[in-house]
Amino acid sequence: GNSVTQMEGPVTLSEEAFLTINCTYTATGYPSLFWYVQYPGEGLQLLLKATKADDKGSNKGFEATYRKETTSFHLEKGSVQVSDSAVYFCALSPSAGNMLTFGGGTRLMVKP
Amino acid sequence: GAVVSQHPSWVICKSGTSVKIECRSLDFQATTMFWYRQFPKQSLMLMATSNEGSKATYEQGVEKDKFLINHASLTLSTLTVTSAHPEDSSFYICSARGSGSSYNEQFFGPGTRLTVL
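If you read the protein sequences in the order shown, they are chains H and F. The numbering of the first sequence is my numbering, which starts it at 594 and goes up by one. The numbering of the second sequence is my numbering, which starts it at 77 and goes up by one.
It is possible that part of the hints are untrue.
To be verified - Cross-link-like lysine-lysine pairs, in silico, DSS-like; alpha carbons within 25 Å at most:
hint : chain 1 : residue 1 : chain 2 : residue 2
1    : F       : Lys117    : H       : Lys704
2    : F       : Lys131    : F       : Lys117
3    : H       : Lys653    : H       : Lys670
4    : F       : Lys142    : F       : Lys117
5    : H       : Lys704    : H       : Lys653
6    : H       : Lys642    : F       : Lys117
7    : H       : Lys661    : H       : Lys649
8    : H       : Lys670    : F       : Lys117
9    : H       : Lys704    : H       : Lys661
In case anyone wonders, no lab produced these hints; they're calculated from the structure.
Turn these sequences into a full structure, and let the hints steer you where they fit.
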């Protein structure tokens, strides 16, 4: 079946540090890949997505590239801010809009 | 566009009572809605998938008689936790998916925190 594995947190960084959150997946075919962000006490917000190999999703300074050869979709940001503190979920869908399979989530804490 | 709301955002109830949570798509027609449960510091667990006008499909291990799901219209789905007990305390999140290329992804509601005393 489908599965998503994320690096365990929490990840603690100082403001303006470089961020990488690893995500790898197992799936048949060509899934769509997503990163969602959850701020404290809130639901999930779509951060970025990629629907085919080599696509790069980007939003708010975050980027992730769909790497089929390594089955990965690592999230990166060049300079994090305190406001980026949240839980980040990697997810896949067999095709856009179908059921989502989530990774375990990675908590990011950014200190001033 | 593509906004999903949930009501209430927070509810506290006594053990044995039933609680209804509403999930609404505000500006699009949701052909499919999903209900998730999230425990503290954990990922989302899909509970069930509901399509408008038909019975919900429950994931393995989810009691359909305890978690009643109704998707009576294209903009509203409800989750009723019947005879709630403290172990049902959790964060419940819904998502909605429309039809057509613009909405062929899931949009999430803000969640409902249920505390059962």
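Results for each hint:
1. F:Lys117 / H:Lys704: holds (20 Å)
2. F:Lys131 / F:Lys117: At roughly 31 Å apart (the allowed maximum being 25 Å), F:Lys117 and F:Lys131 break the hint.
3. H:Lys653 / H:Lys670: The given pair, whose Cα atoms are some 9 Å apart, holds under the 25 Å limit.
4. F:Lys142 / F:Lys117: holds (24 Å)
5. H:Lys704 / H:Lys653: holds (19 Å)
6. H:Lys642 / F:Lys117: holds (23 Å)
7. H:Lys661 / H:Lys649: holds (12 Å)
8. H:Lys670 / F:Lys117: holds (23 Å)
9. H:Lys704 / H:Lys661: Cα-Cα ~34 Å, so violated.
Of the numbered hints listed earlier, those contradicted by the structure are 2 and 9.
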